[in-house]
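Please model the complete structure; the sequences and the hints are all you need to start from.
Protein chains in written order, with our numbering: chain Y, 71 to 322; chain C, 505 to 751; chain L, 5 to 737.
Careful, some of the hints might be misleading.
As the list claims (entries may be wrong) - The calculated label-pair distances, taken between Cβ atoms and stated as ranges, are: (1) L/308 with Y/139: 46 to 54 Å; (2) L/286 with Y/226: 52 to 60 Å; (3) Y/139 with C/560: 24 to 32 Å.
Simulated from the structure, these hints should not be mistaken for laboratory data. C-beta atoms are modelled at their ideal positions from N, C-alpha and C, and glycine is treated no differently.
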Amino acid sequence: MKTKLAMVIDSSTCIDCKGCMAACKVENKVPAGHWRNWIKRPEANFIAMEKAAGTAGGHFQPGNCMHCDTPTCVQACPTGATYKDEKDGTVQVNDELCIGCGSCIPACPYGARYRHPQKKIVDKCDFCEHRRLRGDLPACVVTCPTKARVFGDINDPKSDAARLLKQNKTTRVIHPESDTEPNIYYLNATAPMDWPVKAKIPTPIQLWGNVAKPLVWALVGINALGVLAMLGKQFILPDDDNQENDQREGQQ
Amino acid sequence: MNGRMIKRHSKLSIFLHWFNAASWMFLLATGIGLIKNPDLQPLGMWWTHLMWGLFGSGENLLLGHIIGGIIWAGVFLIYAILGIKQVAQFLREIFSYSPVRDFMWLVKKGVQMTLGTRALKKLGEMLEKRGASPEIAAPRIPEQGFYNVGQKLFAVPSVFGGIVIAVSGIIMALSNVYFTNTAIVRWAILIHFITVGLVFAGLLIHIYMAAIAAGERPAFISMFTGNVPEDYARHHHRLWYEEVKEG
Amino acid sequence: MSLTADKPISRRSFLKWTGAATAASVTAAQAPVLHALVPEKKAGAPAKVENRFSVCDMCLNKCGLIARVEDGVVTKLDPNPKFLKSRGMLCARGNAGIDQLYDPDRLKYPLLRKGQRGEGKWQRLSWDQALDHAAEQFTKIAEKYTRCGVLFTPGSDMQSTFVRWFAEVFGSYNVTTHESSCLLSRNRAYLDTFGEVPFSDILHTKYLIMAGANRFEALITPDSIDLMTAKKNGCKLVVLDPRYTKTAALADEWYAIRPGTDMAFFMALAHVIIGEKLYDQAYAAEKLYGVEQLGEHVKQYSPEWAEGECEIPAKEIRRIARELAAAAPAAIIYPGRRTSDYVNSTQIRRAMAIVNGLLGNWDQPGGLLAARQVGLSGPELPDSPFYEDNPDDRADHGRAHMMFDEEGSFKHMRDAIIEQKPYPVKGWFAYKINPLQSVANRNKTLQMIENLDFILTVDIAMSDTAWMSDLVLPAPSYLERQDPASGLQGSSACACVVTRDPVVPALFESKPVFWIFKELAKRLDLAEYFDFTIEEYRKQQLKKLPDGERALREDGVYYNPSKLYGVYEGRVYKTLSKKIELYNKRYADMGVDPMPIYRAPRRKPSGKFRMVVGRNAYFTHCTSQNNALLHEFMPENTLWINPKAAKRLGIRDGYMVEITSKAGKGVLKANLKEGIREDTVYMLSGFGVLSQGLTNIYGKGACMAEILEDYADEISGNMAMHETFVKVIRKGA
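So, in structure tokens, the structure goes:
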């Protein structure tokens with residue numbers, strides 16, 4: 071079976087130490103002001119805590135690019151610089167092909183992408199590809215104190231990630247109007263659940279597909295029809311009807 | 505008919521025309537090949553895969569397209585600076601119109617090219633019956649200058665379009681070098697695509713008219729030799745012919 | 005992110021080269037921008053990569069790490085997977101160690117003060133000039149005020165042992181450590197109950213009460229990690245904290261206890277456990293001393309009474325006591341670490357230690373553990389000289405009942421220096437310590453500084469203490485150092501030895517403090533006492549561990565498979581009664597309460613707040629706030645204040661507020677938090693710095709040390725930092 075790299079996260083063991091964010095930042099030289107990964111937390115319910123003395127109910131949710139199966143970011147990209155890698159199921163960005171138009175950025179429901187201020191192309195989690203190539207796990211996975219993140223090939227039944235998926239109930243964080251089939255699975259339950267936004271394909275890209283492409287086709291089509299008509303007349307109608315006659319006439 | 509030839513295009517014009525044509529072919533092919541999004545690809549993904557395959561990778565294709573674009577725009581920019589006199593002359597020519605005469609030419613030539621001379625005559629008779637002047641009704645195609653109005657009407661969007669395509673192309677090429685505002689890049693992508701599409705639509709007519717249409721053979725040859733037969737010039741570009749004869 | 009290997013030409017570099025051509029036509033004026041691009045990886049040979057062991061120094065845990073060095077540049081610090089104490093992890097600070105190494109603000113050369121202290125005007129000296137000057141100054145002070153006229157304050161570091169050694173051979177008794185702003189009251193309490201300071205076997209415990217400790221933010225290995233594992237395995241965590249910390253958030257039960265009333269809660273637990281006979285009576289007879297006295301004593305401390313003090317419902321206290329006892333002996337009242345809170349801090353911890361005693365958890369799985377044998381030997385050093393003219397004792401002697409002589413008390417020492425009693429102390433050698441930010445009452449520390457003739461600070465950054473010094477010497481970061489071996493206690497994870505060898509050569513002119521002492525010793529006629537190398541020193545330390553050197557070299561750590569449980573089998577406790585003392589005989593003899601007697605915390609004046617102190621997981625105390633990476637997590641500190649209390653003062657979230665106490669004041673942003681009591685406020689340490697050499701944080705936030713008034717624990721002299729009441733007013737929107 072084809073490799074499908076994904077993450078299974080037990081967010082109930084996350085202590086929001088920011089280790090994964092720091093490790094990723096160093097490993098991938100993420101510029102100041104931007105992050106490739108994050109930790110979200112729901113608002114604490116202090117009213118409930120006041121009512122029932124002793125309840126705590128805190129939770130932290132680590133996350134990063136979900137390497138979705140139907141990624142809207144890929145849908146928004148004009149050059150194919152961002153693509154779903156069939157070899158391992160990850161969503162990648164080809165730095166050499168990306169022209170930094172940023173169309174993919176609002177197209178991600180998770181805000182996983184940012185435009186690198188110096189490189190001026192888009193950047194996001196790539197599951198630490200360079201580490202994987204040398205046999206290491208992603209930096210965030212390795213550094214975590216509670217090993218909340220489990221990374222692996224969920225199509226390989228022997229991998230820890232696959233086993234966790236099989237043996238546990240999992241949930242994914244999905245916006246109701248933008249189910250991109252994310253590949254980060256949270257064990258049992260997680261919170262917050264309502265933070266992703268609706269994927270927005272930028273207007274120029276939408277216009278291109280919905281308006282410009284059919285418009286250009288129509289214009290080309292009309293002109294092509296015109297050419298066909300002229301061609302038809304040139305090769306089908308009899309000789310005395312062509313311009314040579316007219317020339318001779320004009321001369322007289 | 506005499507066999508005399510008049511010079512119509514300088515060697516530089518000839519070079520620029522074919523340079524433009526070749527560049528356009530290359531840039532069109534590679535540019536469409538760069539559209540890897542099935543929603544946006546006008547031809548179909550097979551073209552993209554073909555071009556990727558030819559160039560080895562998407563980034564090579566992009567690099568090729570940009571290099572091609574820079575050479576194309578660069579050559580014309582240099583020409584615009586160094587040959588400002590010829591450029592001004594060219595622009596003057598393609599922007600000068602006589603509305604009534606040119607409109608008549610368009611209609612009559614259009615009918616003649618698609619439906620034939622007989623149909624043109626019939627049309628003239630019909631119009632005369634309704635009170636049109638003999639001038640208008642006659643199947644004779646109105647006189648034209650160095651360029652006929654059809655050629656002018658293709659040249660104008662080609663020039664504007666070319667500038668828009670070059671500028672939007674430069675914006676895209678520099679997008680990961682200079683720009684912080686990406687909205688301008690996204691719109692540049694769309695405008696680049698639409699403009700190319702529009703000019704391409706006109707290009708189809710141009711190629712037919714210039715290279716395939718029967719009576720245009722001398723014009724096509726002149727794009728290689730630089731010369732047209734006198735008769736051809738007198739018939740198709742009378743106003744220019746008169747000027748040349750005087751000078 | 006690119007899939008492709010290095011290419012001879014990339015689009016970006018192509019555009020860079022042709023940039024001039026295209027730019028000229030479009031953006032002639034912007035040409036310089038096109039050339040200021042991100043440096044490209046050079047095409048051709050791949051980087052030379054080496055992986056080197058070290059142990060982290062971003063906090064005291066010393067987690068084992070593997071540094072990745074590419075072409076001589078450290079590019080990543082990864083956890084050493086074989087490091088059991090850290091369970092193979094490296095936290096945010098550990099990862100940010102690279103930003104300490106390559107900190108643009110770090111000290112580079114020896115600096116001598118020009119102008120007034122605190123003006124920030126420096127003159128660069130050569131090392132010879134600097135060391136000559138220091139030796140001269142120390143000699144002058146020694147001659148005029150005896151050798152005890154110089155105070156030595158070593159920070160928590162693997163080379164701090166050399167500070168102590170130098171102080172010893174130089175002849176000063178006045179060595180004060182950071183510990184008197186931290187854990188001395190806890191140590192005192194546990195020493196005086198169990199005879200030694202224990203570690204917690206959190207991994208195997210089933211019930212844990214954490215009062216005032218915040219293990220999911222104030223990371224201690226393996227405790228913080230094992231706590232989560234234990235929870236997953238069904239351990240119940242009860243947290244008492246006036247603040248909804250991350251530990252409180254992840255606890256099974258959290259109570260916003262009234263600050264300073266912990267003793268009431270724990271004495272009430274003892275009341276229930278003894279009253280309902282929930283303890284192992286056979287165990288008590290054999291191992292506990294003073295159960296009857298305690299039983300009598302705690303009769304007055306019922307849960308109902310305790311509720312009135314600590315504001316935790318009596319029925320919960322009773323239930324918790326029962327659950328705790330049922331889980332015993334795999335149940336722990338967590339001893340904590342930083343216990344520098346109240347003037348009766350030692351007695352508060354005595355109460356907690358007493359409950360631990362009743363639970364019978366000493367030396368048991370899931371209970372309190374004795375120190376494990378590590379196996380390092382003391383180095384063979386010559387006898388230190390004796391200085392006849394020296395005074396009898398430390399300058400802070402006698403100011404607290406039972407001060408630890410090797411640690412002292414910074415608060416008391418400071419008072420002694422200001423008062424110049426019992427004798428003047430005029431010199432200060434500070435190593436990797438920053439009392440101007442870490443100790444309560446900054447203005448008093450500044451007053452102390454005024455009384456000093458010569459201050460020398462060795463540090464890696466221009467901390468506030470360095471900023472106010474006369475001579476500042478640049479030290480290398482841990483990644484540039486060779487250190488002696490150090491033993492670490494990892495409770496049920498391990499007992500291990502760690503060491504350091506340079507990952508990269510020392511940058512700029514930084515020199516380790518060991519070398520500084522060697523050089524000073526030469527100039528002070530003490531060369532014979534520093535006539536060794538770190539390697540030789542280390543060899544002596546490892547002499548009883550034949551596999552030590554190999555393990556350190558190949559694994560980055562040496563494990564001593566020493567006994568974990570049952571260490572005290574057949575042994576007596578190091579107390580007067582030779583048992584676990586619920587009733588402390590020695591205290592009674594000294595006039596100190598032999599069993600904790602509850603005293604309510606000082607009453608909070610109306611309209612004011614009690615300030616409490618705490619940590620987070622991305623800064624270490626008052627260091628690393630300026631670290632380029634960590635700084636992004638929190639660019640400035642804010643004042644946690646309850647929304648109801650804030651509303652009464654007209655304060656909205658984000659407003660600037662001014663906070664004043666008897667010691668000083670500060671201005672910072674208000675951070676409205678429902679998760680803090682209405683009578684309490686909190687701010688993080690390390691901001692509001694004086695030093696302009698900390699460019700990321702200078703001018704940001706307020707200084708906690710300036711606001712805290714200086715109280716001390718009566719018994720140990722440990723700083724008491726939760727006794728300060730503050731006024732908060734709105735400064736502006």
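### Task
Please name the hints from earlier in the document that this structure breaks, with their numbers sorted from lowest to highest.
1
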